Amino acid sequence: MKFVSILRRTLLPLLTGTALLGIAAPASSADLAAGEKLATERCAACHGKDGNTPIDPSYPRLSGQHEDYLAQAMRAYKQDERKNPIMGAQAKMLSRDDILNLAAHYARLPGMLSHDR
Amino acid sequence: MNACKLPTVLGTPARAGASMEALASTAASVAVAAALAMAPGGAAGQEVKGDAKAAESKIGTCIGCHAIPGYRASFPLVYSVPMINGQSAKYIENSLNAYRSGDRSHPTMKAIAGSLTDQDIADLAAYYGKPLEKK
Numbered sequence: 078m079k080f081v082s083i084l085r086r087t088l089l090p091l092l093t094g095t096a097l098l099g100i101a102a103p104a105s106s107a108d109l110a111a112g113e114k115l116a117t118e119r120c121a122a123c124h125g126k127d128g129n130t131p132i133d134p135s136y137p138r139l140s141g142q143h144e145d146y147l148a149q150a151m152r153a154y155k156q157d158e159r160k161n162p163i164m165g166a167q168a169k170m171l172s173r174d175d176i177l178n179l180a181a182h183y184a185r186l187p188g189m190l191s192h193d194r
Numbered sequence: 009m010n011a012c013k014l015p016t017v018l019g020t021p022a023r024a025g026a027s028m029e030a031l032a033s034t035a036a037s038v039a040v041a042a043a044l045a046m047a048p049g050g051a052a053g054q055e056v057k058g059d060a061k062a063a064e065s066k067i068g069t070c071i072g073c074h075a076i077p078g079y080r081a082s083f084p085l086v087y088s089v090p091m092i093n094g095q096s097a098k099y100i101e102n103s104l105n106a107y108r109s110g111d112r113s114h115p116t117m118k119a120i121a122g123s124l125t126d127q128d129i130a131d132l133a134a135y136y137g138k139p140l141e142k143k
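Sequences listed follow chains A and B, in order.
For reference, each letter of the first sequence is one residue, going 78 to 194 in the numbering used here.
For reference, each letter of the second sequence is one residue, going 9 to 143 in the numbering used here.
Pair ranges (Cβ atoms, derived):
#1 K66/B x A110/A: 36 to 46 Å
#2 A166/A x S109/B: 15 to 25 Å
#3 P162/A x S123/B: 22 to 32 Å
#4 I132/A x G68/B: 26 to 36 Å
#5 S106/A x D59/B: 37 to 47 Å
#6 D133/A x K57/B: 12 to 22 Å
#7 P115/B x H192/A: 19 to 29 Å
#8 S106/A x G110/B: 33 to 43 Å
#9 E118/A x S65/B: 39 to 49 Å
#10 G68/B x S135/A: 21 to 31 Å
#11 S123/B x S106/A: 38 to 48 Å
#12 A110/A x A60/B: 35 to 45 Å
Keep in mind that the hints were calculated from the coordinates and are not lab data.
All values reported here derive from a predicted model rather than from experimental measurement.
Yeah, the Cβ is synthetic: ideal placement off N, Cα and C, and Gly gets one too.
Taking the hints into account, I'd like the entire structure generated from these sequences.
Dropping the structure here:
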């Protein structure tokens, strides 16, 4: 009985902690608060407050997209590998950390994107 | 011996060559224009309407990467292949067009988009895209 309670007190939190870490923070040291702030200031006007409701159908939904893909896209715009006048200008103002923080923020928002198709 | 006795209207043999080239290039343009006009999806510039149902026979190359959770592009850079289902339709259409024209560079996507007609692209955009809800 005592053994079980020790198990409960030590092993269980340890396991849940690991599981939570694994799901909620996939190997990222990003600053989510900074990402959210930047998203509100720079991205929301076009991509929508929730990242799912862009103001123009040619703009992508960002929320729930893969974190590393979002970062890759911003880097490509920044380096003009992806050519878009608006995003090129926006991305050039972003630092390396800004990009990582934004990608981490949007990847964690609930989205409509899926691998179903 | 003068082997090149051309009518005076064509001028010197060199100029005659140039005219022949011009003629050939005009003929080629006409042929290309005719081919475009007859191609499924119609001539360039014409609005093409996407058909999600028609896309079902065209998604074979898409699902091999985009429908596999955790799949990563491996060349030239390693990163997760984006989720495209549920994306804005117009964005998908623009992306495929950009890969096809070379404005957006990714070797795999350039090769795949290069094999698509305007109609294919419109169909795929209709299939994968979700309309934007009214705010």
